[in-house]
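Engineer: Residues per chain are reported as follows:
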Amino acid sequence: MRLRWLTALLLACGALTVFFPFFWMAVTSLKTAPEIQRVPLRIAPDHWMNLGNYREVFHREPFGRYLFNSGLIASVSAVSSLIVSSLAGYGFAKFRFPARDAFFFAIIGILMVPFQSVVVPLYLWVNRLGFLDTYLGILAPDLVSVFGVFLMRQAIEVLPNDYIDAARIDGCSEFRIFYRVILPMVKPAMATLLIIKFMWTWNEFFWPLVVVNSPSMRVVTIGLMSFTNIYFIEYNLLTAAAVISILPILVVFLTLQKWVVRGVVMSGLKG
Amino acid sequence: MRHWVRVAFPKTYMDRQRRAGFLFILPAVTYFSLVFIVPLIQSVIGSFHRTVPGGTSQFVGTRLYEKVLTDSTFWTAVRNTIHLLLMSVPTTVVLALVVAIGLHRLVSLRWRNVWAAMYFLPFSASLVAAALIWQWIYDPVYGFLNYLLSLVRIPPQKWLQSLAQVRPSIALVSVWVRLGFDTMIFLAALQSIPGEYYEAADIDGASGCQRLRYLTLPLLNPQIIMVCILELIFNFKIFDQVYATTQGGPASASQTVIMLLYDTAFKYFRMGDASVMAVFVFVTLLTVTLLQWRIFRKPVEY
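From first to last, the protein sequence lines are chains D and L. Under this note's numbering, read the first sequence as residues 131 to 401, first letter to last. Under this note's numbering, read the second sequence as residues 52 to 353, first letter to last.
Keep in mind that the hints are not guaranteed to be accurate.
As the list claims (entries may be wrong) - Not close to chain L: a few residues of chain D, all C-beta gaps over 10 Å, as computed:
no., residue
1, F198
2, R230
3, I299
4, A321
Unchecked claim - Label pairs and their in silico Cβ distance ranges:
no., chain 1, residue 1, chain 2, residue 2, range
5, D, L133, L, N164, 19 to 27 Å
6, D, L266, L, P207, 44 to 52 Å
7, D, V209, L, T81, 41 to 49 Å
8, L, L160, D, R230, 37 to 45 Å
9, L, T63, D, L377, 26 to 34 Å
What the hints contain is simulated information worked out from the structure, not anything from laboratory work. Idealized CB from N, CA, C, for every residue including glycine.
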């Protein structure tokens, strides 16, 4: 019994430690510049409702635009990923055709290709096609993910074939079966894929850093970097910007946590 | 070949079915070929060519490989990367195991969910945001960590600005970000272990330690291996945290392979050299993943 309480206590301490950086970020974002440089340090801000830093963030940088860019790119990538992945998942799960398994393993094999290994040719292609600094350029490698194909195949594979056969006997076309019979049965997997893909693209940094030049095309992760520089960082502004960048995803995450966990557990695939 | 002709021009019902299946996967296959397979091949080809200013490229054999692989800055980056992952991977996996087992033993489901959510929270933050928050905590003058140390009368440390502490400091950020992810995988695995196993162990009079050693850990073995490999891959590709905070400094003490690749390609525009590094990263991670397959293939005995 005592051991059980000890476990609970240690877990709680650990959880609070893990949570602390979030708390510290939020608290710092409510402080003024002199407050954060106060010695000795005071944890609570002088005014809990001091939102001056947030106003300053939007004033200094087009942060609204960054949020819009990130939201747009993450949404498009989530939806396109959902469409292509569920089509492919159905094809892999319920059809027989030559070299089907070879194709599937080739796609799974792509998981072993780190993105950084293809980034140079990809950049040269995007440059040649004139997509540098455009939404299309930022989206190019994010439109479909291997994880999605895998997830949808697993979800569709366990559905009984009888539904499909029944629809075929009724003269339903193959695409209509997919649209009307299969998709309604895998809604949980679809939700998982949408949420996880949205989160990944929202948090993406490496590729946007490569293709984005102009301030109007920046996404939030890149926008955050404009509040840093090597010599002097205004942490009250930086943390406010960080809160703004994390908040949307945090809301999505906390309300739909069940689905995110499902996705993580389902695969653990994204390396 | 005959198969494909029949799929392309179906005459029978079964052939039409095959064509339908192929059409369903066609968008995905096309996309992945264009975005991954073709660029990967081009990376390999590019690593044997030197692009002269003006745009023409010239076959130079393995000269770029000799150049990069004998360059001390490259090996410094490799060493730093390995040092980082040797610190962060075991820490993350062990901590995640401990937390998952602890969470699993909690009786109250509600509290289990609350604590689990807290451990999982950093997973939702971008690596850039995470690194920047930590940079503020690490701040040598006004940072919270030095404030904590001052409470126990330890002089302020320089953390990210110190040659000796920069790598452990960055490794800690990686641990913080990844802990929840790994915990979730372990927790799900623990919950799928049938309760009868533990009942049987109780009947046999197994102690808590014995249950852990002979029951829980062996049953979690596949997940532990998988998580180790995922963490290895993730930490080998470390970039965002370093770029956002130290940019490889001080004095290249936190320079990593992907940082070097990025700088080579997009700062100095030496695409050939960058391609060599890209091939190096690919081959290394491929080896790691294949090793994983070998280990996974071994049947786990219950």
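Engineer: Next step is simple, just say for each hint if it's right about the structure.
Structural biologist: Hints and how they fare:
no. : hint                         : verdict
1   : F198                         : holds, 17 Å
2   : R230                         : violated, 7 Å
3   : I299                         : holds, 12 Å
4   : A321                         : holds, 16 Å
5   : D:L133 to L:N164: 19 to 27 Å : holds, 22 Å
6   : D:L266 to L:P207: 44 to 52 Å : holds, 48 Å
7   : D:V209 to L:T81: 41 to 49 Å  : violated, 18 Å
8   : L:L160 to D:R230: 37 to 45 Å : holds, 42 Å
9   : L:T63 to D:L377: 26 to 34 Å  : violated, 57 Å
This entry does not satisfy hints 2, 7, 9, going by the numbered hints stated previously.
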